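Those protein sequence lines, which keep their order, are chains A and B. So the first sequence is numbered by the working numbering: it starts at 1 and just counts up by one. So the second sequence is numbered by the working numbering: it starts at 1 and just counts up by one.
Note that these hints are calculated values from the structure, not bench results. Heads up, a few of these hints could be off.
Heads up, simulated DMTMM-like pairs for lysine to aspartate or glutamate below, C-alpha to C-alpha not over 20 Å straight-line [to be verified]:
1. B/LYS195 with A/GLU186
2. A/LYS359 with B/GLU484
3. A/LYS49 with A/GLU69
4. A/LYS359 with B/ASP196
5. B/LYS154 with B/GLU171
6. B/LYS423 with B/GLU450
7. A/LYS20 with A/GLU2
8. B/LYS334 with B/GLU43
9. B/LYS371 with A/GLU37
10. B/LYS371 with A/GLU350
11. A/LYS359 with B/GLU360
12. A/LYS261 with B/GLU360
13. B/LYS371 with A/GLU186
Per label pair, the in silico range of CB-to-CB distance [what the hints assert, rightly or not]:
14. A/ALA340 with B/GLY287: 35 to 41 Å
15. A/SER328 with B/LEU370: 53 to 59 Å
16. B/GLY485 with A/ALA340: 23 to 29 Å
Small disclaimer: the values here were computed from a predicted structure and weren't measured. Virtual Cβ for every residue (Gly too), placed ideally from N, Cα, C.
Here is how the chains run, residue by residue.
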Amino acid sequence: MEIYWLWLSMRPGVGPLLQKRLLQRFGSPAAVYHAGEAELRSVEGLGPKLARHLREARCLDGAARLQEEVQKAGARLLTLDDPLYPGLVKSLPEAPALLYYRGTLREKSCGVGIVGARRCTPYGKEVAREAAAFLAKAGVPVISGMARGIDAYANTACLQAGGYTLAVLGCGVDLCFPAEHRELMEAIVQHGAVISAYPPGTAPRPEYFPRRNYLISAWSYALLVAEAAPRSGSLITAGMARQMGRPVFAAPNGIFSRESKGANALIATGDAAIYLHPRQLVPWQGTPPAEEQAKPAEEAVNFPAATAAAAPAAAPAAGKAGGDAATSPAAAQQLLDLLAAAGGEAAAEELALRFPGGKKHFWETLAELLLEGRVENLPGGRLRRAGKGGPGPGR
Amino acid sequence: MAAVVKSFGLAGVDAYPVEVEVDLLGGLPAVSIVGLVDTAVREARERVQAALRFAGYKFPGEKVVINLAPGDVKKSGAHFDLAMAVGVLLRSGQFALKEDPGGYAFAAELSLNATLRPCPGVLPMAMAAREAGAAGLIVAPENLREAGLVRGLKVYAFTTLQGVISFLKGEGPYTPPPEEEAAAGDGEGEELDFKDVHGQDALLEYVVVAAAGGHNLLMLGAPGCGKSMVAQRIPTILPPLTEAESLEVTKIYSVAGLLQEKGRLICRRPFRAPHHNASINALIGGGTAAGPGEISLAHHGVLFLDEIAEFGKKTLDALRQPMEDRRVTISRVKYSNVYPCSFMLVSAMNPCPCGYYGQERCRCSDYEVLKYRQRLSGPLLDRMDIQKYVQPVNFLDLSGHGGGTTSAALRARVEFAREQQKKRFAALPGVSCNAQMTAAQVKEFCSLEEEGRRLLERAYARFRYSARAYHKFLKVARTFADLEGAPRLRRQDVAAALMARDMDREQAGLLVI
Chain A
1 MEIYWLWLSM RPGVGPLLQK RLLQRFGSPA AVYHAGEAEL RSVEGLGPKL ARHLREARCL
61 DGAARLQEEV QKAGARLLTL DDPLYPGLVK SLPEAPALLY YRGTLREKSC GVGIVGARRC
121 TPYGKEVARE AAAFLAKAGV PVISGMARGI DAYANTACLQ AGGYTLAVLG CGVDLCFPAE
181 HRELMEAIVQ HGAVISAYPP GTAPRPEYFP RRNYLISAWS YALLVAEAAP RSGSLITAGM
241 ARQMGRPVFA APNGIFSRES KGANALIATG DAAIYLHPRQ LVPWQGTPPA EEQAKPAEEA
301 VNFPAATAAA APAAAPAAGK AGGDAATSPA AAQQLLDLLA AAGGEAAAEE LALRFPGGKK
361 HFWETLAELL LEGRVENLPG GRLRRAGKGG PGPGR
Chain B
1 MAAVVKSFGL AGVDAYPVEV EVDLLGGLPA VSIVGLVDTA VREARERVQA ALRFAGYKFP
61 GEKVVINLAP GDVKKSGAHF DLAMAVGVLL RSGQFALKED PGGYAFAAEL SLNATLRPCP
121 GVLPMAMAAR EAGAAGLIVA PENLREAGLV RGLKVYAFTT LQGVISFLKG EGPYTPPPEE
181 EAAAGDGEGE ELDFKDVHGQ DALLEYVVVA AAGGHNLLML GAPGCGKSMV AQRIPTILPP
241 LTEAESLEVT KIYSVAGLLQ EKGRLICRRP FRAPHHNASI NALIGGGTAA GPGEISLAHH
301 GVLFLDEIAE FGKKTLDALR QPMEDRRVTI SRVKYSNVYP CSFMLVSAMN PCPCGYYGQE
361 RCRCSDYEVL KYRQRLSGPL LDRMDIQKYV QPVNFLDLSG HGGGTTSAAL RARVEFAREQ
421 QKKRFAALPG VSCNAQMTAA QVKEFCSLEE EGRRLLERAY ARFRYSARAY HKFLKVARTF
481 ADLEGAPRLR RQDVAAALMA RDMDREQAGL LVI
């Protein structure tokens, strides 16, 4: 039967809308294949030319070749009548009749989309990482596009937190774009799925990405724009999500940062809600658009409280375990105070200059604090008090 | 019978005796030089003929054969000229030696005007001359002091060929050429000092440790944050060269023809900073003559690779084996030479392609960062015991800062720690500093105090270090302890050592799969 789906998806001039009308009229792609020209012409929007073309294309060779390729690529087909095809997506007019995927599609694969700039800042990365990890722990799939920057960070952070993630591609599911994400792609296939509307072997082209963005928002109950430059693909995704009636969130950011002008503009125009905490992404107030909400949402609400309670409890415990703490607690406190005075974040060297206990003692105290998890490393040799959240408005 | 005159050939940093034999065979005038010689030697034919003529001697009007023995070793260099000229004059009977002809050895190039020119490698030649029991070595005036570094060998310098001949004839007492003024001081005035480095005190602690324990050092930092400034000053805190080390270094420079202060022993630790487009041969050694490369020129000193990530991957990986063996064998078709290369590797790189990783303006993705860092292969990174960030200094903050510590003060600490190591490794020939310890020796010499052990166990549980990383920490901790003369590794030594590898810890934080 698959072959008829492939055949139908290969017909030029027959887009998602017409596909659906044909299926409605005839019931299955096989029936469309065998339908007579007159019958075809009775379908709304199908002119005589297209009807004749469908008639003349009654040959399965091309479809068979494609089927072989799909098999070679290890890809699978997701057809409109497949129970795994989410209702949320199916209900959309532009949802394609046939999708290709590699990996495992869960029964409930819809989740929260996280999109953003390819050239992102550490701030955007932190937003994406935090949100994706939170969603992973809450059992909510993370939907993204495996592009450079925010997309890949969201996919990666979700996987690292043991979550389920989908990556929607603008090329065939057997190709990796960008190439540096080969390992990430394999990991997604292992613990989630990569999906595409394009048959295996299709190289990425700019014009393929709007449809990919459409599918990202289609699969998302809610969409988070972590960071977006003006006129970027993320804004297109956000616009589509909005048209579908999905809540869109945008992380606010400094007004001078180019990378966040787009996200800030979304907020300014009211197209997106201000994003302050990942919890916002999970509890769909009012009528949840789907079944799977109730439980994860509940968990999610409890979750931050649980960590907040666990973290301080863990820290003193660790402190006690290393009760030999010959580094005086006073020195540790001095260092923490210095860090706090510097705004919670500083370069090691700056702290050392001000640390009263001497250079060697400084490193010793710092090692101790790092081990206890009370201070953490930031990129570039900088340090930060643990549990302070990302830079800017965080927890 | 052929006339036999002594000279020397160079193989690596050592010289070996070469006998220059000259014979006249009658027949048509011709000159033939044999003995596996290169172009520079073969061209001696023209130089010697012209010089002899200019000096008022006659070049024999028949076939002249010059053989450099041993005949199966490749020879190169223009320093055989003088020996050939003397040989030709002897054989053609234009002068007779006052004493035993085997007495003197010669090493100088001739100009067409019969003056003597200096040549590279005179120091090892002088050493070989002493070993061969020569009565004296005759060189160009510029090489006099260099050759004079070898004790127990008489060295004579002349400006012209005529001078040499009249000395050999015994026509007058030897008058040494006027001593040239020593090039005023050896740059004493522009001495670098760590006191010019401000606000990097915490980093300097690790630089001292690197210098004290012979650990290789990698500095990470944004452009312009002072990586090179620190690196250039590292030789100033290393202990001074011993006489034997000095001689070794001078020999290498002599062979490479880089002895700028001719005849002066190199007393400062070398600092070599090749540019990152350096080829493997430039770095390791090579060329048709299989000459020494930068790593050998940095022998007993510091090899500084700035922007190490920009070096060719192959070039860097070629460093691995010489770093381990502390000598390198350069093999070419004609030559196979062994050069020593016991150096401290100091390197610097940006933390990411744009250089500003962790700062507001950086837009590098984690994959790009990782890829950039992977230009340094794992095994090479492994050999860098200390990897520290250099922070850009906010100089407005430094108003209250009294200035850096002087190099002299830091050197005193380094020397103290080296003293401890010397005692410890006295019985072990291959090991002179902590960085060179083998795994077994780490076990033997790095015993931990109870608190130190507990700290290390906790760190191990938290960061899951590999066994190899564990040994590195112990080595660095050993040096920290040596700086204070502690016999066992204390808690604070371990803690400080745990902070020595910024890059490893950061790598764990990258969001990549």
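Original post:
Against which earlier hints does the structure fall short, listed by number upward?
Top reply: Going through the list in order, the structure violates hints 1, 3, 6, 9, 10, 11, 14, 15, 16 and respects the others.
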